[in-house]
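K.L.:
Sequence:
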Amino acid sequence: MPELDFPQAIGIVAFLIGAAAFLHQDGHKFRLHLTVFQIVLCSHFILMGAVTAAIGCGISALRSYASTRTQSSPVMWFFIGLLWVMGLPNVEYSYEILTIFGASVATWSLFKAQGIHMRLLILFNSFCWLTNNLLLGSIGGTMMESTFIIVNALTIYKMYRTSKQIII
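Converting from the sequence shown to the working numbering requires adding 2 to each position, the first position being numbered 1.
Keep in mind that the hints were calculated from the coordinates and are not lab data.
We put the CB at the ideal spot given by N, CA and C, even for glycine.
There could be a bad hint or two in this list.
[Stated by the list, open to error] Derived DSS-like pairs (lysine-lysine); straight-line CA-CA distance at most 25 Å: (1) K114 - K31; (2) K114 - K166; (3) K114 - K160; (4) K166 - K31; (5) K160 - K31.
[Unchecked claim] Using C-beta positions, here's what the derived DEER-type ranges look like: (6) L136 - Q167: 16 to 24 Å; (7) G51 - F126: 24 to 32 Å; (8) A11 - S165: 34 to 42 Å.
Can you make the complete structure from the sequences, with help from the hints?
P.N.:
And the structure:
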């Protein structure tokens, strides 16, 4: 079992910040909250020595913020390309590719999807990161993605129920 040290404590702080992000049903607030979460999580991965994950989080923070300002395809493709160009050379373990792939899917969703569709793609991203965090031994990261999966699934369900009530 991983030891609870300073890097792990930062991961737990990121977990608390991130868990609150998934409670937002408003897409704009959700994206802004994700930005703050990803900045803190980036520092956790830097302290853990997980370079690929840190790069993914740093780029994702910039991407989440940019997605609050524009839905431009060129901007989206810039961030996806940046994830691969900066992340791939730093991959030490095959499972780290999941972080790049998941972040790419999340990037597409934040720029091109809305509502439940965006949330489902973010859910896929969470499963990619959960696998990485389990294999890395990140306590906060594992708690975080597990919670994100649960909270995001519940929010998707609430959004689905609300959309069905509006239609009826």
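K.L.:
Looking at the structure, which of the earlier hints fail to hold?
P.N.:
6
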